[in-house]
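Chemist: With the hints as constraints, model all of the structure from the sequences given.
Protein chains: 4
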Amino acid sequence: MAQKRKQVRKQRLGVWLFGAYGGLATTVVVGARAIARGLRGPQGLTTESDVARGVPFAPLGDLVFGGHEIRSGDYASAAAEIDARTGTLPEELRRALRRELAADSRNVVTGVLANAGATIQKLATAKLATGKAEARASLRAQVQRLQADIRDFQRKHKLERVVCVNLTSTEPLLRLGPAHRSITAFERALDKNQTSAVRPSALYAYVAASLGLPFVHFTPSNSALVPAIRELFEVNGAPFMGCDGKTGETLVKSALAPMFRHRNLRVLTWQGYNILGDRDGEVLADRDNKRSKVESKDALLPSILGYPLHTHVGIDYVPSLHDLKTAWDFVHFEGFLGFRMAMQFTWQGCDAILAAPLVLDLVRFADLAHARGEAGPMPHLACFFKQPFGVGEHDLHKQFEALRAYLDRVRSGA
Amino acid sequence: MAQKRKQVRKQRLGVWLFGAYGGLATTVVVGARAIARGLRGPQGLTTESDVARGVPFAPLGDLVFGGHEIRSGDYASAAAEIDARTGTLPEELRRALRRELAADSRNVVTGVLANAGATIQKLATAKLATGKAEARASLRAQVQRLQADIRDFQRKHKLERVVCVNLTSTEPLLRLGPAHRSITAFERALDKNQTSAVRPSALYAYVAASLGLPFVHFTPSNSALVPAIRELFEVNGAPFMGCDGKTGETLVKSALAPMFRHRNLRVLTWQGYNILGDRDGEVLADRDNKRSKVESKDALLPSILGYPLHTHVGIDYVPSLHDLKTAWDFVHFEGFLGFRMAMQFTWQGCDAILAAPLVLDLVRFADLAHARGEAGPMPHLACFFKQPFGVGEHDLHKQFEALRAYLDRVRSGA
Amino acid sequence: MAQKRKQVRKQRLGVWLFGAYGGLATTVVVGARAIARGLRGPQGLTTESDVARGVPFAPLGDLVFGGHEIRSGDYASAAAEIDARTGTLPEELRRALRRELAADSRNVVTGVLANAGATIQKLATAKLATGKAEARASLRAQVQRLQADIRDFQRKHKLERVVCVNLTSTEPLLRLGPAHRSITAFERALDKNQTSAVRPSALYAYVAASLGLPFVHFTPSNSALVPAIRELFEVNGAPFMGCDGKTGETLVKSALAPMFRHRNLRVLTWQGYNILGDRDGEVLADRDNKRSKVESKDALLPSILGYPLHTHVGIDYVPSLHDLKTAWDFVHFEGFLGFRMAMQFTWQGCDAILAAPLVLDLVRFADLAHARGEAGPMPHLACFFKQPFGVGEHDLHKQFEALRAYLDRVRSGA
Amino acid sequence: MAQKRKQVRKQRLGVWLFGAYGGLATTVVVGARAIARGLRGPQGLTTESDVARGVPFAPLGDLVFGGHEIRSGDYASAAAEIDARTGTLPEELRRALRRELAADSRNVVTGVLANAGATIQKLATAKLATGKAEARASLRAQVQRLQADIRDFQRKHKLERVVCVNLTSTEPLLRLGPAHRSITAFERALDKNQTSAVRPSALYAYVAASLGLPFVHFTPSNSALVPAIRELFEVNGAPFMGCDGKTGETLVKSALAPMFRHRNLRVLTWQGYNILGDRDGEVLADRDNKRSKVESKDALLPSILGYPLHTHVGIDYVPSLHDLKTAWDFVHFEGFLGFRMAMQFTWQGCDAILAAPLVLDLVRFADLAHARGEAGPMPHLACFFKQPFGVGEHDLHKQFEALRAYLDRVRSGA
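Protein chains in written order, with the working numbering: chain Y, 1005 to 1418; chain S, 1005 to 1418; chain Z, 1005 to 1418; chain H, 1005 to 1418.
These are calculated hints, taken from the structure and not from any lab test.
One or more of the hints may lead you astray.
Put simply, identical chains are the same to the list, so a pair is met inside one copy or across any two.
Unchecked claim - Straight line, CA to CA, 20 Å or less: simulated SDA-like cross-link-like pairs of lysine to any residue:
hint: 1; residue 1: Lys1402; residue 2: Val1414
hint: 2; residue 1: Lys1196; residue 2: Gly1077
hint: 3; residue 1: Lys1196; residue 2: Val1414
hint: 4; residue 1: Lys1402; residue 2: Asp1153
hint: 5; residue 1: Lys1402; residue 2: Ser1053
hint: 6; residue 1: Lys1402; residue 2: Gln1148
hint: 7; residue 1: Lys1162; residue 2: Val1059
hint: 8; residue 1: Lys1126; residue 2: Ala1152
hint: 9; residue 1: Lys1196; residue 2: Arg1415
Modeler: This is the structure:
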């Protein structure tokens, strides 16, 4: 096993991004290149911290990026646009990486819009949104095209290993039905061109599963990890994990709430307000798309604290902030003798900057798991997600202990 | 062993408070009585949470309180004074507990002021501060008087078990020397009446150790747990732990800082400002006494994060707040690509309300350890202290896992 | 004129509260009594500050309270309930005022529910909400009953002067139409028993106007100060002012926004979030009632700053807070060279405590205006309202200068 | 008069900056150039807002910059250094202004260090700090050299009008004595080479006064506007104003405190904590220099509120923040019935960005006053200063009304 891994490690690792020119994906690509070139340090990457020492993760310099995208563009201009709004990707950095970014841009091809909803539809390049050919294409034809895109990428770059990551905008909740319960039923729906049974994320996840590629579902969209598609990942021996990267306010919640439990301080209310102004915020201003997000954030407190309480998670669109998200949380709790006290925090972070290292960490973990022959959900990655698939534990510290234990097992060759 | 413990449990447990009429001690006594009588719930008590289920802690109703105090007073009036300022101990509660509080007040006797420093001296009852007899008394005479006080308390209430708790005001740092290195040297200093080698906390701790009683050092004063006195606790088979109860801002720090480490987010600066207006704040306004406190709060971040960083812990006296302490912390950190972000929190709590349940938890844990035949430091109680004696781990969650593991051992009879 | 005023001043002043047992009205009554008896100081009252020196305001001890209320109760129990939740009206105070509160309670009579909306309806005493007699009563009959109630109060207490204050819960927005444009049209609607044209506030305001009594509209409900009713106030020579008392977050906004204008700092975004848990919060949880409130709060920033900007005013119901409202505001602005900076504030106040002194101030000002022969709107009182009737100026400081100028005129006998 | 002004306006206006390469001065120069060239808008400039419409201020494009500086450098590199730390002066902007910045740099000459104190001394270029010639030069020789520098600047650029601005680092408090009471005494001290009677700011202010040039004292150093030097300004017909630009936390205080007074809300405590990491912060870390600053900030609250209260102004050095100052203020106040409530705010701004437009405003106002024949203090500029010379009014809004009244007088030709 160890020997096989070593061979594998000699080759480069493909990273296929669904939503390839979004703010997050662009930050991932620019960042991976900058760190590989030594222009920036490895802050934010758990896989570069002491806990990961001695684990054979794919070197960042070995990554090859490609992906599907519904908007036109390229990494250099996407990065310049981001920098103008947030100051995260300065000119000198972009200049130094010009060549790499151009090469990565050549690997980005047109995505799909099947049943994406009006708000996402509006983001798409005019040609794609109104394109007759694409609009007429059956789901099956779309799936085959997506599969071919990824196989071309592998062939062109001689990549034995590819990890797929879903970074598309949050979609409206999909109403799940019989078509999502088994892979047979799902494929029948595809054959019948039953568009209402899918969303773009469903097609992307299905394509990854059908190719037997590891899959990271970084968004809250509920269409990707339905039982049918999970079944296909298991059958094809590919690991997957999701959903919704745990970055700002929710990360802090999951770190802080255990303190209240340890001390038997009774939390009465935990109100959270998030304001942000990036494309994600714009998409979330659509009430339907927001619902996916808010439900994803709201479950964790009762789980950590062990009792029901009054919670609220607000997300509001504030254009002037762009991606510089600000959150205010108000925690009202009872201590000794029922006396009421309060804690507040504000979190001022850049969403893409917080999320990008998680994407790289998850790509490396998924690749490692695949190399180790693991298939299906990766519960040891729970600490990276707001809704860790199949994991009931939301306490960040316990989740992190699980990660540490996994890495110990990897190091010990187990 | 288990049988012996059962017998022991039949008897009541003495709780001897050094600093018996302070805001914290008063809240401890009123609170224990209120909970025992069912007038209030057990919020804030870890020993009443699910982690402690099945562990034979002393019932709160079995506690008998007494203690040493340098100011005159009684629990009813001390509690009324506290309530007028903070609203924590309302009239109806005090009225319901009148009889118990009067009984407990009868167990409070005069404390000592040896080398206490000017600020603490000023708090003392005029008679004590200027009393000729006491002032002339040798250290040895004082020690013997303190020992006799506790023995009288035991005899009067037929208490086989007594736990001592130091809740006195923060003292100026004591310069440690050869006299503190061994019990022989320390007792020689007592014999020579070398007042500069002691502070009240040193005498109190020595008295507890000399009587072989469990001892909880809840304040940051550095004179209590010197090597000499620790030696005596070990010799006499008594457990001890300290120092400085971890309540507000520091508690949050120790819960939150691990998150930054897990995520490899580099903390550049952690500034903390505490404002409070109780007697403790007044004592800390004295630069000397403050030094003990600030040093106690400042060590934990580099320990959790694993690297040096810019930190600051300010404590300022704001009379209008009384015991309703407010803290503001500002955390400046670097994420992916070195981008800088910030988190702030404010913590608005009542110090005595936060600390009192810890005192009761610690009393019960110390009693349990003594009953189990444990002597010396109790490292499993690290989560309760800012400077846990002999424990390098400051991560609240890991400290709590150690506590949980200890309780598992207790339950399994190990 | 001055002579007439002096005579008037010899008599007591009736204060008729619509919504007499609400949290605010109860705090007004208890507070006025407490200050008059010297049990509390005059904090919060502009009419007791140096700006008002030498102006012949009605002494607080001369007030007689009465009012309409849809719930059963009395002041002593309403005050006890408030205190249990907020600690604002402690037992010793209520005990001392027992007799006065009982007397005031005897002046409270049953209010009306005409077209109040489901949420307010639910608050009403069962008997009133379902009472057949009342339900069958025509609008004209209801109006006559309300008029008789106030005249009885005047007769019983020999009151020449009565000021009416609307403190009822925020109602759903009333769709205004031809019936509200003239008093003739409005009275025709009453005669036709056109319930959809009124809300309780409309009836209360109409009753005050019909009796020629000064009227303070302290809530945002839009049914009270319609043109028809304003016409009647003018005709009957009575002054009025509204609407929606400016207490917490909005007060701060109107004090702070001018700073940004003076310095030519361009505000891009001003987001405000209010959380509160009293009956008002419960009523506002109903989307319809909330709309009245939010519209009332949102107009002032563009007016002060002189340009459109992104604003948001959120109000969320947090039961654990009761009346201890907390607001968080985030202000994003551009300075020199377009550089973006931010200011945040949190405001933690008790709504009733902030509003009650305004009610007393407004009662005194309204009485003063009436005595001076002023009728119609009182623009000098703009500083007390979120939506000052007929006043475009929202800058608190300029509003206050207008108040100061009015008081100067009063003092100079103009 | 109006005619004379028009002529004057045809010529360019010299701006002489003491502390010419500091962060603030550099931002002033880059900013003025950027706005004049239309590369940035006029945010932050009161003289470009509607209140100033129609007043003949010097066009920004007519300014010529020069100054004294104790460190070596040039504007391009100073600006690049600032941008690396704060992101306020981006590369594209500096590139576009390269030529102007080079020209302005040629007007910067060596400053003085007389009795500057160790902390400022350390900032100086090695050559200057240890230079034998300069060290040996008498105060009189230094003064003559400084005068010649400014005259050279005027001659070279054919400038009839020059405004001097003091932007040097905060100096240690100078103990004032007889030498500062009259210009005769002060000049005698210069003649006697009595170094302990001066600081650099004293020499700079003296030089401006001796040349009859308008002078803006933007720092809190107490040596500049001593009676002796003020006398000389009056004698020579030059206007002056100071001291200490009102930018961040103090600005907010002076805008907010009047609200508490208007509403008769009794402020018990106003605690303010400032953290910053620029050169100014470093200088203030020296306890002596800090004293000047803190005294400057602390006087205003009792003045606005009308009664003494508990206040605190902390300034701490946090290197990671550079010039991105953060302040946290906590306001504890009593409302109706003595109930206590709290307001907190955080202010996150860039000090140089907040101060630079004030410097440009003040230069234009000082030039206008000089052209109008005004000499001595300019009380209408109080709103720009923490300690407005000779003005007891600290309420920002009243100060701003005074400015508005002055501008009305200017427009009306009075």
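Chemist: Run every hint past the structure and note whether it holds.
Modeler: Against the structure, the hints come out as follows:
no.	hint	verdict
1	Lys1402 / Val1414	within (19 Å within a copy, 22 Å between copies)
2	Lys1196 / Gly1077	neither (33 Å within a copy, 67 Å between copies)
3	Lys1196 / Val1414	neither (44 Å within a copy, 63 Å between copies)
4	Lys1402 / Asp1153	neither (40 Å within a copy, 47 Å between copies)
5	Lys1402 / Ser1053	both (18 Å within a copy, 19 Å between copies)
6	Lys1402 / Gln1148	neither (41 Å within a copy, 50 Å between copies)
7	Lys1162 / Val1059	neither (25 Å within a copy, 62 Å between copies)
8	Lys1126 / Ala1152	neither (26 Å within a copy, 63 Å between copies)
9	Lys1196 / Arg1415	neither (48 Å within a copy, 61 Å between copies)
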